[in-house]
Amino acid sequence: MMSAPAQPIARPSTRRFAFWRAPMLESLPLRLSVLIICFLWTLPTAGLLVSSLRNPLLITKSGWWEGLLNLFGADQWTIGNYVQVVTSEGMGASFLNSLIVTVPSTVIPITIAAFAAYAFAWIPFPGRGFLFIIVVALLVVPLQMALIPILRSYAGASLYGTFVGIWLAHTAFGLPLAIFLLYNFISQLPRDLFESAAIDGASHFQTFIRVVVPLSVPALGAFTIFQFLWVWNDLLIALVFLGPGGDVRIMPTALFNMIGSRGGSWHLLTAGAFVTMVVPLLVFLLLQRAFVRGILAGSVKA
Amino acid sequence: MAFARMQGSGRSRLLPIAIVVGLLVAAGGVAVLLDPKGGQNLLASIYDLIGNAAGAEALRNGQGDQFIAKIVLAAIALLVGVGGIWLLFTGVSSLVELFPPKPRDRIMPWVFVVPALLLLGVYLVYPAVATVIRSFQDDNDAFTLANWSSLATGPFLEILRNNVIWLVAATSGSVGLGLLIAALFDRIRRESLAKVFVFAPQAISLVGATVIWSFVYAWQPASQPQFGLLNAIWTAFGGEPVPWGTLFPINIPAEIVIMIWLQAGFAMVVLSAAIKGVPVEVTEAARLDGASERQLYFQVIIPMIRGSIITVTTTIAIATLKIFDIVMSISGGRNHDDVVAVRMFTEMFQFFNDGRAAALATILFIAVLPVMILNLRNFRRQAAI
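Taken in sequence, the protein lines are chains A and B.
Going by numbering that gives the first Met the number 0, 15 is the number at position 16 of the first sequence; the sequence numbering is gapless.
Going by numbering that gives the first Met the number 0, 87 is the number at position 88 of the second sequence; the sequence numbering is gapless.
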């Protein structure tokens with residue numbers, strides 16, 4: 000894959016950016032260092048994946064790299080670790096719990112935020128500027144500030160340990176960023192759209208459904224992915240509002256408990272960790288562009 | 000269908016009924032969800048209806064088709080959680096639309112913003128104020144400074160020191176590495192493929208990442224085979240095996256490495272986009288003036304992407320400040336590696352000392368205050384234009 004040496008130097012039409020990067024482009028040390036970085040970054044995860052598929056008796060007897068050297072050894076590989084983790088360690092039920100927690104905790108805030116962002120951007124009402132300033136101020140407030148009082152009221156309102164309780168918490172904690180991002184997007188839509196909708200006699204609600212939502216799909220999608228991953232991977236809010244055990248345990252909590260109870264059982268820990276990573280990695284690989292947009296969009300999250 | 004013919008007026012009469020029915024169903028769903036055994040009880044009632052008394056009995060005793068009960072619950076949760084919120088907005092809006100235009104247009108914006116304002120008020124504004132007040136109260140709500148003065152004692156000074164180490168090392172490590180990788184990857188042909196490898200850790204949970212790295216750090220006595228990658232390499236070079244993840248003081252950098260591994264990809268993506276935004280004319284001019292590649296980077300490109308560097312640094316710094324999952328999973332903060340967010344959790348759930356937990360939370364709040372002020376000032380400036 001050498002860059003063709005016989006070519007004349009200036010080929011601006013095909014490699015527009017090559018010119019300004021020319022001096023070091025694709026030199027051997029550069030390529031080597033890129034390869035090394037990619038290798039180092041992947042190595043820990045690769046070790047986890049390989050180990051999760053190894054015979055439990057072998058995992059602590061030899062390094063996973065030795066397993067790779069002995070690729071066709073008898074009794075080297077098994078999916079038994081995964082079977083045990085999903086069934087007797089309860090990761091299967093936790094997977095369902097994670098879905099129950101994550102999907103509404105993504106849809107509810109984005110719906111509420113979209114309506115609010117539209118109103119903040121395009122419908123004049125008294126106090127609009129002041130209320131939006133509060134939203135901006137709340138962007139970086141650490142959610143730790145909310146835990147103690149809310150936990151107290153949850154105990155009183157028997158919302159502790161319920162899915163509804165954690166939906167509301169995730170919704171509220173996601174709202175400032177969601178409103179802020181969607182406001183930035185929706186307020187940039189052309190004014191003509193709203194004027195002609197008003198002339199056509201469309202109400203605010205109809206304008207929202209027929210004009211704002213279809214045009215805001217990129218922003219809505221980006222935030223959906225960000226919030227989905229954030230909730231799916233969250234440990235703190237789940238530990239505080241759902242508790243460490245019981246029927247409502249989500250996957251990060253389940254994995255966290257396994258570290259405590261099965262600290263030495265690497266065949267279970269590696270398989271368990273990989274089970275929790277499947278959905279986010281799929282989202283990452285399938286929706287890469289939207290994923291990057293989402294992560295970038297969420298970059299101001301507190 | 001008969002309905003189709005009487006669309007106009009018929010629809011407006013049917014709609015409220017449909018919405019009321021829908022909201023009642025949603026309320027029933029919420030009731031099931033609030034019941035700790037909601038899924039089992041619902042499925043048991045269904046079993047009773049279809050005459051499967053034995054199955055219903057087993058479910059109520061915590062046996063039988065538990066998994067099916069969970070799936071029933073999941074279906075209800077998704078229906079209520081996703082459908083309910085849309086029903087609420089659609090329902091209330093269409094009711095308001097029955098009003099004459101003038102009051103309608105005055106009420107409608109509030110229909111749109113009140114749910115958000117209510118949640119923000121109840122879940123963020125009020126609790127934040129209450130937490131600050133709580134940090135100055137003892138367990139009988141009397142005024143005290145004890146929560147704060149106790150933070151000046153030994154273990155807490157150690158916690159604050161750890162947070163500062165995290166803040167400096169994890170933030171500068173992530174941003175520095177991200178910048179370096181962005182600059183390197185910018186010059187190869189398969190850039191986007193290479194980026195995938197560094198960026199992928201962003202997708203996974205911090206708990207998962209901690210398990211991944213705990214396996215790298217795994218330790219065995221010297222007589223046993225080292226299956227942890229780091230100790231295998233370390234002993235191959237003649238070192239004694241080291242419990243990297245649990246031995247103070249090496250455990251703190253070992254934990255910080257996990258954070259850098261996760262966050263460098265984020266810094267890389269943002270900074271790489273910024274580097275690509277530097278106009279070709281600028282870099283060309285610098286080259287014509289005889290700037291070396293290194294000078295080009297440090298004296299032209301980095302100053303030009305300063306804004307992006309500041310954004311990335313702030314974002315990672317805020318995330319690092321509140322670091323919880325990594326320390327919690329690796330040791331619970333028991334090996335002199337405790338940090339503010341973990342200690343707050345321990346104070347809440349182990350020592351039941353809400354006052355001190357509130358003071359710890361307030362410390363985090365004070366630490367982000369400058370960012371909040373900066374955000375507000377930026378927003379004011381933009382709004383003014």
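These are calculated hints, taken from the structure and not from any lab test.
Quick caveat: nothing in here was measured; it's all calculated off a predicted structure.
A portion of the hints provided could be inaccurate.
Stated by the list, open to error - In silico DMTMM-like cross-links for lysine to aspartate or glutamate, where the CA-CA straight-line distance does not exceed 20 Å:
hint, chain 1, residue 1, chain 2, residue 2
1, B, K101, A, E194
2, B, K69, B, E96
3, B, K275, B, E157
4, B, K36, A, D246
5, B, K101, A, D199
6, B, K69, A, D246
7, B, K69, B, D104
8, A, K60, B, D185
9, A, K60, A, D74
Checklist line | Straight-line alpha-carbon gap K275/B to E157/B, limit 20 Å | finding: 42 Å, violated
Notebook entry, point to check: For the pair supplied as a hint, K60/A and D185/B, is the alpha-carbon distance within the 20 Å limit?
Noted result: Not satisfied, since the Cα-Cα distance of roughly 42 Å exceeds 20 Å.
Margin query: Just to be careful, I want the Cα atoms of K101/B and E194/A compared with a cutoff of 20 Å; is the pair within it?
Written below: Roughly 17 Å separates the two Cα atoms, so the pair holds.
Next item on the list: Take the C-alpha atoms of K36/B and D246/A, compute the straight-line distance between them, and say whether it is at most 20 Å.
Entry: 9 Å, holds
Margin query: Between the alpha carbons of K101/B and D199/A, is the straight-line distance 20 Å or under?
Written below: 17 Å, holds
Notebook entry, point to check: Given the proposed pairing of K69/B with E96/B, does the C-alpha separation stay at or below 20 Å?
Noted result: With Cα atoms ~39 Å apart, K69/B and E96/B exceed 20 Å; violated.
Margin query: Holds or violated: K69/B and D104/B, Cα atoms, limit 20 Å.
Written below: 44 Å, violated
Check: Taken at face value, is the distance from the CA of D74/A to the CA of K60/A at most 20 Å?
Finding: 14 Å, holds
Checklist line | Hint consistency between K69/B and D246/A [alpha-carbon to alpha-carbon, up to 20 Å] | finding: 9 Å, holds
The earlier numbered hints that this structure contradicts are 2, 3, 7 and 8.
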